[in-house]
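J.: Sequence:
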Amino acid sequence: MIRSSNKRDELLRRIVVYLETHGIADLSLSPMATELGTSKRMLLYYFGSRENLTHEAIAVSRPHVADLFGSAEDIAALREAATRLWQAITVGAQQRPIRILFQLLSLAPTQPEQYHALADEAVHAMVDPLAKVYRNLGVAELDAQAKATLLISGLRGLCQDRMITGDIERTDTAAHLLIRTATTLP
7 MIRSSNKRDE
17 LLRRIVVYLE
27 THGIADLSLS
37 PMATELGTSK
47 RMLLYYFGSR
57 ENLTHEAIAV
67 SRPHVADLFG
77 SAEDIAALRE
87 AATRLWQAIT
97 VGAQQRPIRI
107 LFQLLSLAPT
117 QPEQYHALAD
127 EAVHAMVDPL
137 AKVYRNLGVA
147 ELDAQAKATL
157 LISGLRGLCQ
167 DRMITGDIER
177 TDTAAHLLIR
187 TATTLP
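Numbered according to the numbering used here, the sequence shown spans residues 7 to 192.
FYI, nobody ran anything at the bench for these hints, they're computed from the structure. Be aware that one or more of the hints could be misleading.
Derived CB-CB ranges, DEER-like [unchecked claim]: (1) 175 - 123: 27 to 33 Å; (2) 190 - 20: 39 to 45 Å; (3) 72 - 148: 17 to 23 Å; (4) 179 - 80: 22 to 28 Å.
Quick caveat, the model's predicted, so the values are computed rather than measured. All C-beta atoms in this analysis are idealised placements derived from N, C-alpha and C, irrespective of residue type, glycine included.
Could you build all of it, start to finish, from the sequences and the hints given here?
T.: Shown next, in the form of structure tokens:
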């Protein structure tokens, strides 16, 4: 049996919007299905399980660091890509979807059996491609991982601060300082 990828893709897009609003902590397929105008059976048909549905929604909703940073061949391009990431998560296309990632990362420490592996994968999906860019710029492996972690985790933390406090000027200034710091090579 062939599953319609267009219907599945559209349903996944709507699931992401649902999760942005309702969260993942107490996710129940029945209420989700009702709100999405489908059935729990169809959600399971397309995604197999609640866990797989959550996994796919998180994967498709997080910023794609490899796409943003992949072509950065020098420090100027790296800084430009980091600035685009900051804009995407604060005022651009990733502004709402990043909320799902924040939820996942805050659930992982208290419910590790359910969320740790998924959170770990989400972190590495963002840090590892950026570490590769740093390595290509001549940064040693450990330093490349550290700089990528500093930039990704720092921007993510500043974005969360901004969402909570609404302080745009302070978080923008901090983000630009972080970008300059994390993209300075020895």
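J.: With reference to the structure, classify each hint as holding or not holding.
T.: Hints and how they fare:
Separated by about 38 Å at the C-beta atoms, residue 175 and residue 123 break the suggested range of 27 to 33 Å. At about 42 Å, the beta-carbon gap between residue 190 and residue 20 stays in the expected band of 39 to 45 Å. Restraint check, residue 72 to residue 148: a C-beta distance of roughly 21 Å satisfies the suggested window 17 to 23 Å. At about 24 Å, the CB distance of residue 179 to residue 80 agrees with the hint of 22 to 28 Å.
Hint violations for this structure: number 1 only, all remaining hints satisfied.
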